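Q: Chain residues, written in single-letter form:
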Amino acid sequence: MGILEVSGVNKRFGGLQALGDVNLSVAEGSCHAIIGPNGAGKSTLLNCLVGKLIPDSGTVTFDGQSVLGKKPFEINQMGISRVFQTPEIFGDLTVLENTLIPCFAKRDGVFRMHAIESIAHEADLLAQAEGMLEELGMIDKRNMHAASLSRGDKRRLEMAMSLVQNPRLLLLDEPTAGMARADTNNTIDLLKQIKEMRNITMAIIEHDMHVVFSLSDRITVLAQGTPLVEDLPENIKGNPKVREAYLGEAQV
Amino acid sequence: MLGLNKADLRLFLIVIAMLVFAPILLNPFPDTSGMAQFNAGYPDLMQKLVIFGIFAIGFNILFGLTGYLSFGHAAFLGIGSYTGVWMMKLLTMNVIPALIASVVVAGAVSLLIGYVSLRRSGIYFSILTLAFAQMFYSLAYSVLTPITGGESGLSLSTDDPRIFGVQATDGGNIPVPTVFGLDMSHAVTLDFGAWSFTISTGYYFAAIIMALAFYLAVRIFRSPFGLMLRAVKSNQNRMNYTGLNPRPYTLAAFVISGMYAGLAGGLMVAMDPLAGAERMLWTASGEVVLMTILGGAGTLIGPILGAGLIKYLESIVSTINDSVVHGWFAPLPDWLENTLVTVLHPFIGKGWHLTLGLVFVLVVCFLPGGIVEGGKKLGNLFRRKRSNGDAPTPGTGSTTAEQPGE
Ligand SMILES: Nc1ncnc2c1ncn2[C@@H]1O[C@H](COP(=O)(O)OP(=O)(O)O)[C@@H](O)[C@H]1O
Ligand SMILES: [Mg+2]
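These protein sequence lines are chains H and S, in that order.
Each step along the first sequence adds one to the number in the working numbering, with nothing skipped, and position 88 is 88.
Converting from the second sequence to the working numbering requires adding 1000 to each position, the first position being numbered 1.
Okay, chain H solo, but in the shape it has when bound (with noise of 0.2 Å):
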């Protein structure tokens, strides 16, 4: 039994079957890539785990609790944790404060009304915070806005809002789309690091077949909404069924 259990999902839109009978089940401490062609259905798949949208039939259930029908702050408060794919994050504020909100989610629940305290008392947290960019070389950044931050650094902070929750898990949507070469190799590095000091569960959702393979422990092949297969990566590489679906894709 996985941390992670999905099981016989389904979602359509109008006449569009976007996902059909999709099981999946992710194991405690690993890190699960799921890939496949654009259009595959990924990013519903992932939009269905994190509460932005209930499939027609199915269930998750993460850690043995349903997630469906809760909304995404709870489905946070949780323990599991998203990272989008464009980043996203409090641009007017800066990089600290980025990081202390985070925190603040985790230990005071979706709402507390904590509204005469200073935050410069809070100083638990501010040394979370901080400890979180020192850790991803961000402590120099911490005054910076986070509009101002390039994008490797954004998706840096991101990953820091993300981290210093601790979540039980972590959730990445195509963390290098649209990134240059070098881009997407610093961002490899990054999650390799994550995925070595802190021994998190991650699943990864990819485009890039190139990233997943240096990442994951074991990968689902998602195509027109459906689970072609799943096994360990060097599986993958070689089989037929996902050469059909990536059918005149280079990375193949």
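Ranges between beta-carbon positions, derived for each pair:
{"id": "1", "chain 1": "S", "residue 1": "1381", "chain 2": "H", "residue 2": "178", "range": "39 to 45 Å"}
{"id": "2", "chain 1": "S", "residue 1": "1146", "chain 2": "H", "residue 2": "142", "range": "56 to 62 Å"}
{"id": "3", "chain 1": "S", "residue 1": "1006", "chain 2": "H", "residue 2": "108", "range": "24 to 30 Å"}
{"id": "4", "chain 1": "H", "residue 1": "142", "chain 2": "S", "residue 2": "1248", "range": "24 to 30 Å"}
{"id": "5", "chain 1": "S", "residue 1": "1283", "chain 2": "H", "residue 2": "107", "range": "43 to 49 Å"}
{"id": "6", "chain 1": "H", "residue 1": "151", "chain 2": "S", "residue 2": "1381", "range": "30 to 36 Å"}
{"id": "7", "chain 1": "S", "residue 1": "1122", "chain 2": "H", "residue 2": "186", "range": "33 to 39 Å"}
{"id": "8", "chain 1": "H", "residue 1": "85", "chain 2": "S", "residue 2": "1272", "range": "55 to 61 Å"}
{"id": "9", "chain 1": "S", "residue 1": "1381", "chain 2": "H", "residue 2": "85", "range": "41 to 47 Å"}
{"id": "10", "chain 1": "S", "residue 1": "1361", "chain 2": "H", "residue 2": "107", "range": "45 to 51 Å"}
With a straight-line Cα cutoff of 30 Å, these simulated BS3-like cross-link-like pairs (lysine-lysine) come out:
{"id": "11", "chain 1": "H", "residue 1": "141", "chain 2": "H", "residue 2": "154"}
{"id": "12", "chain 1": "H", "residue 1": "154", "chain 2": "S", "residue 2": "1233"}
{"id": "13", "chain 1": "H", "residue 1": "106", "chain 2": "S", "residue 2": "1233"}
{"id": "14", "chain 1": "H", "residue 1": "106", "chain 2": "H", "residue 2": "195"}
These aren't lab readings, by the way, just hints derived from the structure by calculation.
For clarity, every value in this text was computed on a predicted model and none was experimentally measured.
Backbone N, C-alpha and C fix where the C-beta goes; we use that ideal spot for every residue, glycine too.
Fit chain S with the ligands to the known structure of chain H by using the hints.
A: Just chain S with the ligands, lined up with the frame of chain H:
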């Protein structure tokens, strides 16, 4: 000290000093001089400046921090006023219970309106708040007339029960609002040669309340709650996926700003126990938006400056008429004098709104951060000039880490 950092403490002390010395600072011209009409140091106007300052400080907690633009906050001001008068009718002329009730009732109503309006954001939110406020305005003239006094407004009378006070004074008059035995309208005039300064209970009472209101706003700005409000403005989607529910945060900000408005409304009737529905008209709601933007939305001191500037213009420019301007330009040749008066005519007296509009357009176009940004730019210019002149001294680079919302 007081749980504030150095910069905030300095700002707070500046505000207190401004409040304490306002009767002198705002009366710089001798009574007999022609400039005396620009003096603003009389109790009526100073009370207005302070009360609208409180209104704007509260509005800024909602608009400046969360970005939610309410067009209906005058409703809470009006509700605060009506509640205040009712407390003085039913209970006592002591203004403290009146103010507490004003805040509580305005808070309760804003909880209701906020709960519904915050289901939407952006322009739809603004329209909803506007609709609610106009509804209250219309109701005040129609079905709610028994509570609001309709067109004639709500005022005190010698028939009021006033359980903990007298119905009428010994002379048969309506009693006046007091605070712990002191008459609100009590004033002393101090003469210094050609200058005279008026010290009044009402103004200083309002000033103390404003100092407290400002202090509370600073604390809110620097609190985790304040940080969450800025997060709402910056990226609600991110907030959701960070495990935070933006809705209660925004609602809390809405209610707090509604309570500030109620406090301002209560203070108005503490100074002059008469409440009318025109206080809730949409133009009054728009005015507090102008004040906040003019001063600098999201800054601590901006709303106070914006409120001060607008109420000053309203009171002073509207009293200048053509004959006053003729007086100024009398030494000039007649043709020039007449031309100047003709040019100025649309901007003065009843035309003061045109002046306000022009000031607003200029500020929004050239200083989107309001008066506060203007002040900062001036400060920087000044500093640069000085450091160009002097030899650069290490350590005086004054790179004070910029505080959010300073
Ligand atoms: N909200 C939506 N409404 C309608 N169709 C959608 C919606 N979201 C995704 N789709 C469609 O579902 C299919 C799968 O999309 P998506 O999950 O984004 O694919 P991927 O992320 O694998 O590239 C696509 O054909 C897409 O056009
Ligand atoms: Mg996608």
